[in-house]
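**Student:** Build the full structure now, drawing on both the sequences and the hints.
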Amino acid sequence: MTPRHQRPDADDRGRAKMLNRADLTRRLAKKLVSGEAVVGGIGNTNFDLWAAGQRPQNFYMLGSMGLAVPIGLGVALAQPDRRVFALEGDGSLLMQLGVLGTVAAVQQKNLVIIVFDNGMFQITGSQRTLTSYASDLVAIARGAGLLQSFWAADESEFDKLIDRTLREEGPWFVAAKIDGKPAEGTTERNAAKIRDRFMEGIAPAARSA
Amino acid sequence: MPQVDEAGSSSESWSNIAVKVFKAHNIRLVTYVPDKVLAPLISQVSSDEFFTVICPAREDEAVGIVTGAYMGGLRGIVLMQTSGFATIPNALASLAVPCQIPLLMMISERGTLGDFQLGQAMVCRTMRPVLEALGIEHYGITHRRDAEFMMDNMIKQAYLTRAPAAMILSPLLTHAASVS
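In order, the protein sequences belong to chains A and B. Here the first sequence stands for residues 1 to 209, where the numbers follow the numbering used here. Here the second sequence stands for residues 1001 to 1180, where the numbers follow the numbering used here.
Read the hints as simulated data drawn from the structure, not as lab findings. Any given hint might turn out to be false.
Here are some, though not all, of the chain B residues that point toward chain A, as calculated from beta-carbon distances under 10 Å [as the list claims (entries may be wrong)]:
id, residue
1, Ala1057
2, Ala1062
3, Gly1072
4, Gly1073
5, Leu1074
6, Pro1129
Built from N, CA and C at the ideal position, the CB exists for glycine as well.
**Tutor:** The structure is reproduced here in structure tokens:
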């Protein structure tokens, strides 16, 4: 960031502690005890979701960069009684900012968007993303109409925010500033198998009976 | 049954036929990025409580939403125009096709048979080659008398074979040539 790159009013991103994606993903996974669905975005977001434990309610999106939130919205629409988490990286979300407006328009109560922001396209060689200059994803989300949008100031606040998203109606948008450490695993690559297992994992009881 | 006149054309509008077929297949989620030709269909589904209707910012968002909904047990469709289709090949090639998602698309065919917009005309020529390259079942629907049969069977096959399908609404069906 140079002096010409001014961040929005309250620089909560600037003040947020540098967290770690694998650690936060494990913290999230530990709290998912009611069959919550998780849609993991392409790349390291997915890899750390995989490394945090392969729940049948996890969908690992292998391509279609930017579509984790739309997919999560679709799952949430189909199953309004199930909490749905969509995990994205900053580079992915920046490709599909319009979806924040879509989620705000639909006001999907059971949808939680979590963004891991390291300011870089980590998997392609750590090239800078727009958030490394002046763009603040929480400010963008709020501007898109997602009023419950927050930066996690540190690990314990991340935990508290996740607790709230599990307890209170959404839509929610939680962003965490993270480091550039590599992911702790890699997903399998069989897209049809991933889809099949996810569908079985979230099948309503009546359908699986 | 729709009335069929001597020339063999149904008197039922194409959009009525589409609504009827959607309901027969329990397709309750309609996503769209608008198009003038699709306007009557969008209007009908928007005023019908059977449907949940979402208009996202981009067509690939709609592909994601319908994909997620299908995995959760809710059937949906994406309505778009030709140029909208041109924005979604990555979502088709890296999500719908490899994940074997019966992603239903209804595309109003712009850029042909009298369309004056050069942008639409050039984009139109890319649509079928992309569908061919991805091995996605597609038909141009040109006559009302065939519309119900084609929509019904394309949708049926998409779900039974877990494959995307593109129903292309030709100006011959929608009489959309008067776009000037």
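**Student:** Next, verify each hint and record whether it holds.
**Tutor:** How the hints compare with the structure:
1. Here the hint on B/Ala1057 is kept, as its CB sits about 3 Å from the closest CB of chain A, short of 10 Å.
2. Nearest Cβ of chain A to the Cβ of B/Ala1062: about 8 Å, under the 10 Å cut. The hint holds.
3. Hint status for B/Gly1072 relative to chain A: holds, with the closest Cβ pair at about 3 Å, below 10 Å.
4. About 5 Å separates the beta-carbon of B/Gly1073 from the nearest beta-carbon of chain A, less than 10 Å, and the hint is met.
5. The beta carbon of B/Leu1074 is positioned within 10 Å of a beta carbon in chain A (closest approach about 4 Å), and the interface hint is therefore held.
6. The beta carbon of B/Pro1129 is not positioned within 10 Å of any beta carbon in chain A (closest approach about 20 Å), and the interface hint is therefore violated.
This entry does not satisfy hint 6, going by the numbered hints stated previously; all others are met.
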